[in-house]
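Q: Same order as they appear, the protein sequences are chains L and P.
To convert, note that position 137 of the first sequence is 137 in the numbering used here; the numbers rise steadily by one, no gaps.
To convert, note that position 139 of the second sequence is 139 in the numbering used here; the numbers rise steadily by one, no gaps.
Keep in mind the hints are simulated off the structure, nothing from the lab.
The C-beta atom is built at its ideal place from N, Cα and C for all residues, glycine as well.
Worth double-checking, as some hints may not be accurate.
Claimed, not checked - Each computed SDA-like pair below joins lysine to any residue, with the alpha-carbon atoms no more than 25 Å apart:
1. P:K196 / L:A148
2. L:K253 / P:G222
3. P:K33 / P:S54
4. P:K271 / L:A148
To be verified - Just some of the chain P residues that point at chain L, by a computed CB distance under 10 Å:
5. D32
6. G109
7. D218
8. E230
9. A245
10. R251
11. M252
12. K271
As the list claims (entries may be wrong) - Where chain P lies over chain L, by a calculated footprint (3+ residues, C-beta under 8 Å):
13. 212 to 219
14. 240 to 247
15. 252 to 262
Protein chains: 2
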Amino acid sequence: MSELVTVAVDAMGGDNAPGEIVRGAVDAVNDDKRVKVFLCGQEDKIRAALQGLSYDPERIEIVHCSEVIETAEPPVMAVRRKKDSSIVKAMYMVKEGQCDALVSAGSTGAVLVGGQVIVGRIKGVERPPLAPLIPTLNGPALLLDCGANVDARSSQLVQFAKMGSIYMEKVVGIKSPRVGIVNIGAEEEKGNALVKETFPLLKATPEINFIGSVEARDLPYGVADVMVCEAFTGNVILKMYEGVAGALVSRMKEEIMNGGIAAKLGGALIKPTLKSTMKSFSTEAHGGAPLLGLNGLVVKTHGSSKAISIRNSILQCIQFKEERINDFIRESIASTES
Amino acid sequence: MSELVTVAVDAMGGDNAPGEIVRGAVDAVNDDKRVKVFLCGQEDKIRAALQGLSYDPERIEIVHCSEVIETAEPPVMAVRRKKDSSIVKAMYMVKEGQCDALVSAGSTGAVLVGGQVIVGRIKGVERPPLAPLIPTLNGPALLLDCGANVDARSSQLVQFAKMGSIYMEKVVGIKSPRVGIVNIGAEEEKGNALVKETFPLLKATPEINFIGSVEARDLPYGVADVMVCEAFTGNVILKMYEGVAGALVSRMKEEIMNGGIAAKLGGALIKPTLKSTMKSFSTEAHGGAPLLGLNGLVVKTHGSSKAISIRNSILQCIQFKEERINDFIRESIASTES
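Let's have the full structure, built from the sequences with the hints guiding it.
A: Here's what the structure looks like:
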C-alpha cells in the first residue's frame with residue numbers, strides 16, 4: 001500500500017465540479033494501478049457523482065469537507081477561515097504526508113496561497129512558481145512564473161530556471177532543456193532592470209543550459225524549453241495565447257460566413273483541421289500546472305477542466321514522485337545557498 | 001506653400017529602402033495635395049528609385065545625407081555620431097520647424113533616441129510613448145507604451161492614458177475612448193506594484209474614460225480603445241500578436257498538408273479568407289506608430305514596411321497636424337502640472 005502514489009483531489013473546485021472531477025479521478029485510478037485518490041469535498045455530492053462508475057474501491061476514498069472556497073473569494077482570507085474546505089483539507093493532507101500530491105481546478109489564488117502557507121516551501125526556495133506547459137510548434141515548453149508572485153527578484157528568477165529545467169528534464173524527458181529569459185530584444189543589454197540583473201546570473205549558473213534572451217514573438221515557435229519571466233509577464237503571455245487564438249478563429253468564422261460559396265464550402269471541409277489546430281494550441285492541452293518548490297506536489301488545473309484534464313494531472317503526479325523531482329530541487333537550491 | 005503639411009521621410013530606413021519608401025512617398029504626394037515630402041538619404045539612390053515615377057516636383061524634395069544608421073547599431077551612439085544620417089537630419093528638420101513630421105522605417109532605437117534627444121519632448125511630458133494601433137475584433141485600439149521606456153513610473157502611465165485618449169479621439173475618431181490598464185485580473189487589488197499604484201491615479205483623472213483593468217486575454221476582442229502599460233509589457237503583447245497568429249497558421253497549414261483530400265480541398269478554398277483574416281490581424285495593418293508627446297510628430301513604421309504603409313503613415317501626419325493633436329497634448333499635460 002505504501003508504494004501507491006496518493007493524490008488528494010479537490011472534488012469541489014472548478015466549473016465542472018464535482019461531476020467531471022470525480023470522473024477524471026476514476027479514470028486515473030482505472031488507468032494506472034500505482035495511484036490512489038482521496039476525493040475531498042461534500043460527501044453526498046461526491047457519492048452521487050460516483051454513482052454508476054466502476055473502480056477499485058481500495059483506491060478511491062472520500063474525505064468529507066463541509067465548506068467550499070468560491071473563485072471570487074479573497075484567497076488569503078478564504079484559506080485562513082475555511083478550514084473545512086476541500087482545498088484547505090487537501091493541502092493539510094499533503095503537508096502531513098498523508099498524500100504525495102494535490103490536484104485542484106478551484107480558485108487559483110487559494111491554491112497558490114494554500115500551497116505556500118499550508119504545504120510550505122522547500123528550504124531555500126524563495127517563491128514557488130506556477131509553471132504551465134505551453135504548446136509550441138516544437139512541442140510543449142514550460143513558462144514560469146505564471147502565478148501570483150508579481151514583482152519578483154532576480155534571485156527568484158534564477159531559481160525558476162533551475163526548477164523548470166529539472167521539471168522539463170525529468171518529467172517531460174527533454175535532455176539539457178534550453179532556458180531562455182523572456183525579453184524585448186535579443187541583445188544582452190536590452191530589457192528592464194529585472195531582466196538586465198537576471199541575465200548575467202543565469203549565464204553564471206552552470207547547471208542550466210542558458211540560451212539567452214527570447215522574444216515573445218518567437219515563443220510560440222518553440223525557441224526555448226524553459227521560458228523564465230516574472231509572473232505579470234507570464235500571465236500576459238499565457239493569456240495572449242488564448243486571446244489571439246480565440247479572436248483569430250472568431251474573425252475567420254465571420255469571414256467564412258460572409259464569404260461566397262467557396263469560402264463556406266472550404267470552411268466546412270476545414271472544420272476538423274481547424275479544431276485540431278486549436279486543440280494543439282490550447283494552453284490546457286497538457287493538463288495541470290505544477291506549483292514548483294513546495295514540500296509535496298500541488299497541481300493547478302484550469303477552472304474549466306474536464307475529466308481528461310483531471311485524469312492527466314493525477315497521472316502526472318506519478319512521474320513527479322517516481323522521478324523524485326523534489327529531491328533534485330532540494331539539491332539544486334541547496335547548492336546555491338551554500 | 002505654408003499650408004502644406006511637410007513630412008521628412010527617412011528614405012534609407014527599413015528592409016525595403018529606398019525603393020518602397022520612395023514609392024510610398026510618391027503615392028502619398030499624388031493622393032493628397034496637402035502634403036510635401038522631403039526624402040532624406042543618399043541622393044543617387046533616391047534619384048534612381050524616383051526614376052520613371054510621376055509626381056508634382058514641387059512637393060517632393062531630396063535632402064542628401066551621406067550616412068546610414070544600421071538597425072544593429074547601438075542607437076545612442078549612432079544618433080550622436082552619425083550627424084549626416086537620414087534619421088538624424090530628418091529629426092533636425094522637425095526640430096527646426098522645417099518639417100511638421102518625420103516618418104521612418106529604420107532602427108527603432110535610433111528613432112526613439114532621436115525623437116527624445118533631437119526633436120525633444122513637449123514641456124511636462126515625462127516620456128514619449130510609442131503607440132501603435134493594434135487590430136481587435138472591435139476595430140483598432142491603441143497600445144502604449146511599446147517603446148523603449150521600460151520600468152516606467154505611474155505618473156508616466158497616466159500621461160500615456162491622456163495622450164492616447166487624445167489620439168484615439170482626434171485621429172481615429174472614437175468619442176470618449178475607453179481606457180484600460182493592462183492587468184492580470186479584473187479586480188482593483190490585482191496587479192504588480194506599478195499597476196496598483198497607477199489604478200487609483202487613472203480613476204482620479206477626470207478627462208479620460210477609465211474603465212479599469214483589462215486582461216491580456218480580452219485585448220484582441222477589443223475591450224478597450226486605449227490600452228495602457230509599461231513598455232516591457234506592451235512589447236510582449238505586440239509580439240505575442242505576431243507570434244501566436246503566425247505559429248497558428250503554420251500549424252494549420254501543416255495539418256492541411258498532412259490531412260486527407262477534404263482538408264486539402266478545404267485549405268485551397270479557404271486560402272483567400274485565411275489571408276484576409278491574417279491581414280486584418282496584422283499589427284502592421286494600420287501603418288506607423290506615433291511617438292507621442294514630442295515637439296513635432298515622429299512616426300515609426302515597421303522595418304518591413306512596403307510602399308502602402310509608408311503612404312498611410314505620411315497621410316496620417318495630415319490629420320495629426322490639422323487636428324492640432326500636440327496643442328491638445330500640451331494643454332492636457334499642463335493641466336496636471338499645475
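Q: Does the segment 240 to 247 of chain L contain three or more residues whose Cβ lies closer than 8 Å to a Cβ of chain P?
A: Holds: 8 residues of the segment 240 to 247 of chain L have a Cβ under 8 Å from chain P.
Q: Tell me if P:G109 is really an interface residue toward chain L, meaning its C-beta lies closer than 10 Å to one of theirs.
A: Since chain L brings a Cβ to about 9 Å from P:G109, closer than 10 Å, the hint holds.
Q: Can the restraint linking P:K196 and L:A148 be considered satisfied, given a maximum Cα separation of 25 Å?
A: Holds - the C-alpha atoms of L:A148 and P:K196 are around 14 Å apart, at most 25 Å.
Q: So if I understand the rule, the pair passes when the alpha-carbon distance is 25 Å or less; does L:K253 with P:G222 pass?
A: Between L:K253 and P:G222 the Cα gap is close to 17 Å, so the pair holds against 25 Å.
Q: Would the stated hint for P:E230 survive a check requiring a Cβ distance to chain L of less than 10 Å?
A: With a closest approach of 8 Å, the P:E230 hint holds.
Q: Given a cut of 10 Å on the nearest C-beta pair, is the interface hint for P:R251 held or broken against chain L?
A: Constraint on P:R251 satisfied, holds at 5 Å.
Q: Need the status of pair P:K271, L:A148: alpha-carbon distance at most 25 Å?
A: The given pair, whose Cα atoms are some 41 Å apart, is violated under the 25 Å limit.
Q: Closer than 10 Å between Cβ atoms is the bar; does P:D32 clear it against chain L? Give me holds or violated.
A: 30 Å, violated
Q: Quick check on P:D218 please, does its C-beta sit within 10 Å of some C-beta on chain L?
A: At about 6 Å, which falls below the 10 Å cut-off, the nearest Cβ of chain L leaves the hint on P:D218 intact, so it holds.
Q: Let me know if the C-beta of P:A245 comes in closer than 10 Å to any C-beta of chain L, holds or violated.
A: At 6 Å from the nearest chain L Cβ, P:A245 passes the 10 Å test, so the hint holds.
Q: Does the nearest C-beta of chain L fall within a distance shorter than 10 Å of the C-beta of P:K271?
A: Status holds, d = 8 Å.
Q: Would you say the segment 252 to 262 of chain L counts as covered by chain P, given the rule of at least 3 residues with C-beta under 8 Å?
A: holds (count 5)
Violated hints, listed in ascending order, are 4, 5; each of the other numbered hints is respected by the structure.
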